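Student: If you read the sequences in order, they're chains V and E. For the first sequence, the numbering used here begins at 1 and goes up steadily by one. For the second sequence, the numbering used here begins at 1 and goes up steadily by one.
FYI, nobody ran anything at the bench for these hints, they're computed from the structure. Any given hint could turn out to be false.
[Stated by the list, open to error] Straight-line Cα separation of at most 27 angstroms, DSSO-like style, residue types lysine-lysine; simulated pairs: (1) E:LYS490 <-> E:LYS331; (2) E:LYS287 <-> V:LYS125; (3) E:LYS287 <-> E:LYS128; (4) E:LYS262 <-> E:LYS287; (5) E:LYS326 <-> V:LYS125; (6) E:LYS254 <-> E:LYS292.
Given the structure is predicted, the values throughout are model-derived calculations rather than measurements.
Chain by chain, the residues run as shown.
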Amino acid sequence: MTDISQTNASPAELRGAPALLAMLWRDKFAFVSAVVLLIIIICALIGPVFLGDLAASQNLRGRNSPPFDLSRGWAFVLGGDSLGRPVLARLIVAAQSTMMVAAGAVFSAMTVGALFGLVAGYMGKNVSQLVMRLADVIMSFPSLLLAVVVLYLLGPSVPNMILVLAITRIPIYLRTTRAEVLEVRERMFVQAAVVMGASHWRIIFRHILPIIAPTLVTIATLDFAFVMLAESSLSFLGIGIQPPNITWGLMVSQGRPYLNTAWWLAFWPGLMIVITALSLNLLSNWMRVALDPAQRWRLESRKTGHD
Amino acid sequence: MTEALLTVRNLSVDFHTARGTVHAVRNASWSVNRGETLAILGESGSGKSVSASAVMNLLDIPPAEVVSGEILFEGKDLLKVSYEEHRALNGKRIAMIFQDPLGHLNPVYTVGWQIVEMMTAHGRPANKARARALELVTRVGIPDPEKALKKYPHEFSGGQRQRLMIAMALMLKPDILIADEPTTALDVTIQAEVLALLKELQAETGMGLVLITHDLGVVAEIADRVVVMSQGEIVEEGSVREVYHHPRHPYTRKLIGAAPGKGEIKQPATDAPALLEVRELAKSYGKFTALKDASFTLSRGQSLAVVGESGSGKSTLARTILRLEKADSGKALWKGKDLITMSPRELLSVRREIQMVFQDPTQSLNPRMSVYQLISEGWDIHRLMPDRKARRRRVDELLEQVGLLPEHAERYPHQFSGGQRQRIAIARALALEPELIICDEAVSALDVSVQAQVMALLDGLRKKFGISYLFIAHDLGVVRDFADMVLVMKSGEIVEGGPTEKVFNAPEHPYTRRLLAANLDPDPDVQAQRRQMAATAPS
């Protein structure tokens, strides 16, 4: 019983939300990321209401006006696009559709993929085979072709975009989840739960899912940027988001022809995609540590110091 | 100190970890000469392996740091020689074997290739190396050595792999052989064989042997001198007999006192009603028969031990009774009802009455659940104790019962030591007030002194609550102290069963006799006597 002393790492133990915030504050990168994401979410929620008209109003005299020029007002601080619309306002307005498509697609792909993965990993061989072959079918079908066909049939709209992008990303979550479940379910604590009489439901959601959740979240954050770019290529083909609705991905592809004359058209939305993806990554990294009891001490303030 | 072949003098090693500096070894001094066997005895975390790793230049620097001291081999300080010089000594003059031979043999090369490489790496011609390899593999007792050299590591059993490792280590006739827990992963009968082999080889070659172990029995069997380590310091040093019979340091006394197998043998109660009756239970995986017609009766309040070596089917027996595996045929009557054919609904209520404690508490406790959640999970499953305050109180009570503190409830398993974790697992089992606890090697992963504490706890619970135990173990000493009935298993069959006293004092089956003979006694005199008896009476 010699190691009780070293477990007294945090004398003032906080619980619940304050403890989580304190841990977030300890990791400065994650804290900044959280603030950035919060700003983006606020922009996405209220941006279109306030700036919707401004973002759509054309001003041909301000065509491709360069950034950092305040003579046309604050809206043109990041420059104007090829129709003279302020880039800043458009960025803020575009946040809504972008986040909706990306978050919607990633979240549904993760939920459905994880669910099927859990079933495939936990149930017997036959169910597993069936689910995995279905996943193979999706993976072997070129995702862009699938998207073109589906969107042509259903018509381009935000929900349909989410549907198509989600379907093409499901196998990634499914395969990862299944592989992890196969390993975790053989672990001793799962056996211990079976011996205690735990139901399948309880074993899957209380014992297996918490162990594999960090992996899933990490994949999801990486996937976020991928989905944003995939959406832009669909929009570029004309079967994605339809103007006047805009997304960052669409702005990037629209700005591409002007890259050597007006770099800011593609640069700012591209930067936003990078910032969002980076913030999500840093935050998920923090979350992985914060949710793991064995790692959490790295984020807890140690007032006792070294002995 | 006279000129010894290998001398470690005032060695201190620190490990710099994220949680601060750990003094792994403090001022350790030991030496070993040709033809001598030195045992370094200590529990996990005592730093017993670190000084040997320093000799072999195996420490990772950083995080490790050699703070002070010197390691003299033939008068040369190994801490000061260059990497190349050290490499020339390693394997050639000083060789090492490890606990887990499978982990230290490369799975993609044949063992012959690996043994030969040992010599070619030190610049010997390949054909000579091959001849020597063949000679040594024959010497360590591998059947059909020609063919064996062409096989891969996974094609050998654990004992054979350790023999191969020994052959590899001896290729260049080293002056010193360091053996780090060489027999810990092996069964007792094989352990006895490997130790005997090491002894013979030492007598033949006259090398010095440094044996790192936690097992008093191994020390008694093979060592001439022993140093006892505790928390990085050498607390006692002397000849094996002297240290065992006249230990001076309190830690040594505690360690020797904790060695199992010395207490009085319990007598089984005769009038208790049967709790669990197993009738001709069988289980096979494909062609492999894991369990063959196992039958026994466990009475209320009894502790029944199942002993046997790895692969003897003792775990399969427990797992089939608990329905973790599907039995092929047979019955397991729990209070008259058959567990094997029971409906899921009935089974759920039985799950409350039978609990299990697993071998490795690190793996049997969900790392993401706090102690409170772990202990109270059973109540969630069986919809008991809905009142949160009552639960809290009961968890505190249970923690105190197993020798932990109520404030431990909010912590997570990784914050406890191995022994404490096993206590948590026992508290979890007790939470449902079971009538039978199945212990699958519940103490074999623990240090001797901790093992004694946990065994005392289990025994106390039996007296207090009348709990019955099905106790699966390979350590005969522990079984002798704890159980009142013993079953001996071999290749899926129960070869002998009966009251502990009868099985230990008058074993009938030859396998039981062999098992008892191979079990090492911590008393060096007893071991010496046994060796003499074995030598005079050829089998």
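Student: Tell me, in ascending order, the numbers of any earlier hints that this structure violates.
Tutor: 3, 4, 6
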